[in-house]
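Listed below are the residues making up each chain.
Protein chains: 2
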Amino acid sequence: MPTHHKGPEEERIALDAFIKLFRAADSLNRRLSAGLARAALSAPQFGVLETLLHLGPLCQKDLARKHLRSGANMTMVVDNLERRGLVERVRGEKDRRFTTVHLTPAGRRLITRTFPPHARAITEVFSVLTKEEQIHLAHLCRRLGVAALGGSGEPGAEDNTR
Amino acid sequence: MPTHHKGPEEERIALDAFIKLFRAADSLNRRLSAGLARAALSAPQFGVLETLLHLGPLCQKDLARKHLRSGANMTMVVDNLERRGLVERVRGEKDRRFTTVHLTPAGRRLITRTFPPHARAITEVFSVLTKEEQIHLAHLCRRLGVAALGGSGEPGAEDNTR
DNA sequence: CAGGAATAATTCAACCTTAAATCGTCTTTA
DNA sequence: TAAAGACGATTTAAGGTTGAATTATTCCTG
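Protein chains in written order, with our numbering: chain A, 1 to 162; chain B, 1 to 162.
Just so you know, not all the hints are guaranteed correct.
All copies of an identical chain are treated as equivalent in the list; a pair is satisfied when it fits inside any one copy or across any two copies.
Result set (SDA-like, lysine to any residue): computed pairs, CA atoms no more than 25 Å apart in a straight line [unchecked claim]:
1) 66 - 12
2) 66 - 93
3) 131 - 11
4) 66 - 43
5) 61 - 22
6) 61 - 94
In short, the hints are calculated from the structure, not lab data.
Please construct the entire structure, taking both the sequences and the accompanying hints into account.
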């Protein structure tokens, strides 16, 4: 949405960038979700499977932290993946508070064949920008993300933002 | 999340930019939602009130289109705003299929005093980037958003992306 | 070692989001 | 003008998201 705000220049420029950033993320999300829908996966479900594939089994706390989501949310997403037989919960032996989430063979098969076309779709959309522009965009977004988190938050927050 | 994908350079760069774009939008969203929470407004509710303030009364279809959301979703958000007495539904006189959504005095008062600090918060976060960087970021995001929407969608889609 | 603090997971209530089905209201057209 | 189609809004079912309260387990401390 165009800004419709008549404030000073600094504010106009920031609001304009803000809106375009969100629109880009939103449109990208829609496009990619359409691709994932063919595997009947939601974006969060895909994200969890992808993380398990590339990092190995993790407890829900760690999964939530990696995805910047709440623990309650991770319980729900893992519930839905487990119900479809794509992951398995394993109670911690040493510390029974933890449940480690594992890919099942079916889950591994699904994410293994879903990830490559997903990555290709991202690459294809981003190819409207040159390599240098993509790197520049990443750099600007990283600084912005750090500023958004850091500003009035606790300094002890985990980085995870390289 | 760092990429953990060992594909060709083009893919690595695109995935990296993709992740940082989403992290930035996510972090920004969290930061701003915290501000809106003091007015007990969700981000979608704030968005609708803001649109009504700056564009005047609109029917739900138009509100949904402006925010790139479904009609069903707009029914829900307007329901919640109406229940709090911040907006009012008015049945179309000429064409009774439409309901036009109006700000109530209370709604106008709330959004009028909520918008300025919100805009200031956005401007403050974006001030980690120079004016030129903000303009460049907006430009890159706009091109990316258009590419994400356009690629395999219908060419007839409304622009709304300047 | 016993009680209290901390911690991982779950449950709950509230809201957001979508696609699909339905309802009421026009508009078109045969 | 009556049937058919289009169109705005609503409902429904399914999933995502959060913060707050709860549960089970472990750790710490006196």
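Hint-by-hint comparison with the structure:
In the homo-oligomer, the alpha carbons of residue 66 and residue 12 lie at most 25 Å apart only across protomers (19 Å), although the nearest pairing inside one protomer, at 34 Å, exceeds that limit. For a Cα distance limit of 25 Å, the shortest separation of residue 66 from residue 93 inside one copy, 23 Å, qualifies, whereas the shortest one across copies, 52 Å, does not. Taking the closest pair of Cα atoms, residue 131 and residue 11 come within 25 Å of each other only across two copies (10 Å); inside a single copy the shortest separation is 30 Å, beyond that limit. Taking identical chains as interchangeable, the C-alpha atoms of residue 66 and residue 43 lie at most 25 Å apart whether they share a chain (14 Å) or sit on different chains (23 Å).
Taking identical chains as interchangeable, the C-alpha atoms of residue 61 and residue 22 lie at most 25 Å apart only when they sit on different chains, with a minimum of 21 Å there against 28 Å within one chain. For a Cα distance limit of 25 Å, the shortest separation of residue 61 from residue 94 inside one copy, 16 Å, qualifies, whereas the shortest one across copies, 56 Å, does not.
Every hint, counting from the list given before, is met by this structure.
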